[in-house]
Every structure is written in C-alpha cells, then in structure tokens.
Amino acid sequence: MVNDWNNYLREVCVISLREKENKKIGGKGKIVEIDESLFTKLKNNCGRVLSQQWIFGGICRETKEVFLIEVLDRSSATLMSKIHQHIEKETIIRVAIKRT
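Residue numbers for the sequence shown, in this note's numbering: 2 to 101.
In short, the hints are calculated from the structure, not lab data. Hints should not be assumed to be uniformly reliable.
[Said to hold, decoys possible] Calculated pairs, DSS-like style, for lysine-lysine (alpha carbon to alpha carbon, straight line, at most 25 Å):
1) K29 / K90
2) K99 / K42
3) K65 / K29
4) K99 / K83
5) K25 / K65
[To be verified] FRET-style restraints, in silico, Cβ to Cβ:
6) R62 / E37: 12 to 20 Å
7) I70 / W6: 21 to 29 Å
8) L73 / G30: 31 to 39 Å
9) N45 / R95: 32 to 40 Å
Remember, predicted model here, so these are calculated numbers, not experimental data. We put the beta carbon where it would ideally sit given N, CA and C, even for glycine.
Turn these sequences into a full structure, and let the hints steer you where they fit.
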C-alpha cells in the first residue's frame with residue numbers, strides 16, 4: 002500500500018513537471034536559483050550502483066515556479082542552452098557553489 006502511494010505521488014510530480022516543460026520561469030528582477038543533482042539507483046537499495054542520472058533544475062524565489070530536466074551532458078555549453086531554454090531574459094540567476 003505504501004509503495005502504491007509512492008508510485009502515485011511520483012506520477013503526479015512527473016505529470017505536473019511535464020505540463021510545465023516548455024514554460025520559462027523568472028523574469029525581469031526575479032531571482033532563479035539553479036543547481037544540479039545526481040540521482041542513483043542501487044541494487045536492492047544498497048551496494049552496487051545500477052544507474053545514474055544528472056538532473057538540472059531551478060526555482061524562482063518569488064513565484065515558486067520550477068523546472069527539472071534530465072541532462073546527459075553537464076558541459077557549460079549544454080547547461081547554458083538549458084538556462085536560455087527554461088529561464089526568462091533579465092532574470093537574476095543564483096548558482097549554488099559546492100565546496101569539496
């Protein structure tokens with residue numbers, strides 16, 4: 002039953018994000034925070050990594066609108082293309098810088 006509920010919620014999120022897939026967020030004077038995350042699938046939830054997927058996304062501080070997209074290539078050219086595709090011109094973009 003819990004697994005069914007998780008699957009339902011996952012599907013709701015996927016549908017919601019796909020409906021907004023071509024909509025740009027942000028705008029003049031608005032702040033969009035962007036980041037990337039690595040999602041992994043482990044065999045039996047532990048041990049060996051079966052698959053990995055990079056996700057790139059952003060959230061507008063003022064409107065709470067978001068975009069999340071799968072990226073195969075994390076090069077600066079690819080990410081800049083995605084920024085232009087999903088964020089309005091004249092938006093203030095903030096990037097999380099991770100210290101390693």
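Of the numbered hints stated previously, which ones are contradicted by the structure, given in increasing order?
-> The structure breaks none of the hints.
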